[in-house]
Amino acid sequence: MASTVDPKALIEGERPLFNASYGKLMMWFFLVTDAFTFSSLLISYGANRVRSVAAGIPWANPEEVFTHFPVLHELWHIDAPLAFVGLMTFILILSSVTMVLAVEAGHRRSQKEVEKWMLWTIAGGAAFLLCQAYEWYHFILGSEGGALVNGQLVKGANLWINEYGPASFADYFFFVTGFHGTHVFSGVVINVIIYFNTALGTYEKRGHYEMVEKVGLYWHFVDLVWVFVFTFFYLI
Amino acid sequence: MAEHTADAHHINDGGKAARADIYKMTILLSVITTAEFVIAFTMPAGGAKTGLFIVLTIVKAWGIVATFMHLKHEVKRMAWVILLPFLFIVWLLIALGKEGDSYGDKAFKDSTPTRQKVEVKHGEHGGHTAPADGHKTEKQEGAKPAEEHKH
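Top to bottom, those sequences are chains A and B. Taking the working numbering, the leading residue of the first sequence gets 1, the next gets one more, and so forth. Taking the working numbering, the leading residue of the second sequence gets 237, the next gets one more, and so forth.
In isolation and in its complexed conformation, chain B is listed as follows (with noise of 0.2 Å):
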């Protein structure tokens, strides 16, 4: 119990860089979490923003990893028998992009649905309209057999 009483002390010196490090590390996966967020509504779709939302994941990924997991203050032999494996991830993501056409041709072929979203206004109180939506649904149950045959 004696330990009890010396804590008082160690916070103000032992542990007190470590915290700091997670603090800092908090502030940095809040802050590119927000950008994220507002990247998805700003910028037009394709190839660069992808690829920038996938940049900033593996630099989240390696802040959990690094401070959180403490993988960096671990003997770094360790850290490479962790880290190493994934490359059969690396492989696996090449494999599938190049190799996966096969297997997508036979997923998708003659099954091009059309869609079409349908709009509720919402003009006075009680828009929602439950009998004939339970009878929607049950014709929806209906088709269900159909579209297990795409499979």
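Pulled out of the complex, with its shape left as it was, chain A reads as follows (with noise of 0.2 Å):
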């Protein structure tokens, strides 16, 4: 396991700073960035909580919004609160496994292990992305009786109102959460494109696999975003 750079893997006359080849590194700088961005938008969202709990109104109680779990809402109206968000961390993760999984494969050259993975990859973001879809919906559309703000019955949520909990705290959960699943929709397309590389035998060509471990990065980069997303939306 020690790192050395795959002289293949670099671009001709290139000599390798911190023994990584140019694009791994760019790809981390890249990734360093977008974290400032996620960073950003979940300390602002901590600022705006605390000032809003502050001010004396009461945030929004998250096991009491994500309570919609398939199937258990639509045909016995069970509540399953944070059970369907678990489920889509835990799909996510494993999502992130199977792409670690891909890039170890990569390093053997084992160019069908290297699709088997990449397609268990995307079927997880896909897998994904369809979670989210459901969870949105039911955020959006709401609980059945709704509730009453200030005397008006406020039922689902929008960008201006919503029955939950203060205003910025439905805006913030659409840009942040809908921030990540662009994350997420990208990271599926680019795996796909991967996938069709890999079974068409361009890395087998090239003699290396370094694109699958670049975007594995990104792949994971997205799960660990999730992992904050989870604890500072739907756990605190």
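Just so you know, the hints here were simulated from the structure itself, not pulled from any lab data. Values in this document were obtained by computation on a predicted structure and should not be read as measured data. Positions of the beta carbon are idealized from the N, C-alpha and C atoms, including for glycine. Some hints could be false.
DSS-like, lysine-lysine: derived pairs with alpha carbons at most 25 Å apart [to be verified]:
#1 112/A - 312/B
#2 205/A - 116/A
#3 252/B - 116/A
#4 353/B - 8/A
#5 112/A - 205/A
#6 155/A - 357/B
#7 334/B - 8/A
#8 260/B - 155/A
#9 112/A - 8/A
#10 260/B - 116/A
#11 334/B - 285/B
#12 334/B - 260/B
#13 285/B - 8/A
#14 285/B - 112/A
#15 252/B - 312/B
#16 312/B - 260/B
#17 205/A - 8/A
#18 334/B - 252/B
Simulated coverage check for chain B against chain A, where a stretch passes if three residues somewhere in it have a Cβ under 8 Å from a Cβ of chain A [said to hold, decoys possible]:
#19 252-258
#20 284-293
#21 316-324
#22 327-334
Now that you have both chains on their own, put them together as the hints suggest.
Okay, here's the thing in structure tokens:
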């Protein structure tokens, strides 16, 4: 596991910095900037929330907001607080695992294995996106009864008003999970490209699978962001 | 194509330790996520709970970055180049915590809505009274401009 850079992964004449290829290093630097964006969003969410509570406006209670679980909700009206988002977290973690297994198979230049694990990763990402669509659908439509806000019946959520808490709660929810979901979506698209490149033997011809590794970094980052979103939006 | 035939026994030696590492981390991440889920319902809300969640989140983040993203196997200097900029994030946390007051006061001044959940009883089937609901949502639409003024 010594970090030696594959000479084939280097551009002609390149002297590797930190023993990593240019492409990999640049992916890391991009991820640092992206992490700054997400950090800023989450920190401003936190500041907003703390100020709201200090001003006497209770924040939304995630256990009461995210209670829908497919089938349980539709057929029996059973509430399963946070269970669905827990499932989403597992799906994303597992797709991260299959991704790292694809990277590992790439180190051994085992084309068939890379293909297999890339397909699982794509499936995990797609499943996560479907789950998110379900989550948004119920967040927007709201509970059956809704809530009386200043004596007025409000159902579900939009950018101006929602039944769960201050308007900024829904605003941040839409923006942060939406921004993360966009990352997942681009990740799935890139993973599909990587899958086809692998299946067509592009990397086999190239002699190394470093593209899988670089895209893997991006995919793990998406999982990493979700770990924070899960904690700050759903648990706390 | 010679590599293809060599793969069969590469699985037995090469990469075996790496895979063991991956599976170990998978179990750790799953256990922590399950623990978080349990804590969410068993522990009373408060500073201790929030603190515990943040610690567990950082452990998970470390696991993903170190093992999945392979950072612990990279050159140390590279790891520092990536990690040190996050001191700015720490700074932002402190700065917004201390200086965010004036912004917060402006954002939340004279907007203390009262909120009351409306319960729906599931006696018989057909508890969904669609026409009445539709009417009420219309009223909610009308309230939007008033809400906007508060921002």
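Here's how the hints hold up against the structure:
1. Note on residue 112/A and residue 312/B: the hinted pairing is violated, with a Cα-Cα distance of about 33 Å set against a maximum of 25 Å.
2. With a C-alpha separation of about 19 Å, the suggested pairing of residue 205/A with residue 116/A holds against the 25 Å cut-off.
3. Between residue 252/B and residue 116/A the CA atoms are separated by roughly 18 Å; this keeps the pair inside 25 Å, and the hint holds.
4. Between residue 353/B and residue 8/A the CA atoms are separated by roughly 63 Å; this puts the pair beyond 25 Å, and the hint is violated.
5. Distance restraint check for residue 112/A and residue 205/A: the Cα-Cα separation of roughly 14 Å lies within the 25 Å cut-off, and the hinted pair is therefore satisfied.
6. Of the supplied pair hints, the one linking residue 155/A and residue 357/B holds, its CA atoms being roughly 16 Å apart against a limit of 25 Å.
7. Only pairs whose Cα atoms come within 25 Å are accepted, and residue 334/B paired with residue 8/A is rejected, the gap being roughly 51 Å.
8. Taking the CA atoms of residue 260/B and residue 155/A, the gap is near 44 Å; set against the 25 Å cutoff, the hint is violated.
9. Using a Cα cut-off of 25 Å, the hinted pair residue 112/A and residue 8/A holds, with the two alpha carbons roughly 21 Å apart.
10. For the hint linking residue 260/B to residue 116/A, the alpha-carbon distance of about 21 Å falls within 25 Å, and the restraint holds.
11. Between residue 334/B and residue 285/B the CA atoms are separated by roughly 22 Å; this keeps the pair inside 25 Å, and the hint holds.
12. Our distance criterion of 25 Å between C-alpha atoms is broken by residue 334/B and residue 260/B, whose separation comes to about 40 Å.
13. Distance restraint check for residue 285/B and residue 8/A: the Cα-Cα separation of roughly 49 Å exceeds the 25 Å cut-off, and the hinted pair is therefore not satisfied.
14. Pair hint residue 285/B plus residue 112/A does not hold up; C-alpha atoms about 45 Å apart against a cutoff of 25 Å.
15. For the given pair, residue 252/B sits about 24 Å from residue 312/B by alpha-carbon distance, which is consistent with the 25 Å threshold.
16. In summary, the hint linking residue 312/B to residue 260/B is supported, as the alpha carbons are separated by about 23 Å, within the 25 Å threshold.
17. Under the criterion of a C-alpha separation no larger than 25 Å, the hint pairing residue 205/A with residue 8/A is consistent with the structure, at around 11 Å.
18. For a cut-off of 25 Å, the pair hint linking residue 334/B to residue 252/B is broken: about 49 Å separates their Cα positions.
19. Given as covered by chain A, the stretch 252-258 of chain B passes the check, having 4 residues with a CB less than 8 Å from a CB of that chain where 3 are the minimum.
20. Counting residues of the stretch 284-293 of chain B whose CB lies closer than 8 Å to any CB of chain A gives 6, which reaches the minimum of 3, so the coverage claim holds.
21. Only when three residues or more bring their CB closer than 8 Å to a CB of chain A does the claim for the stretch 316-324 of chain B stand; here the count is 5, and the claim holds.
22. Counting residues of the stretch 327-334 of chain B whose C-beta lies closer than 8 Å to any C-beta of chain A gives 4; at least three are required, and the coverage claim holds.
Hint compliance for this structure: hints 1, 4, 7, 8, 12, 13, 14, 18 are broken, all remaining hints hold.
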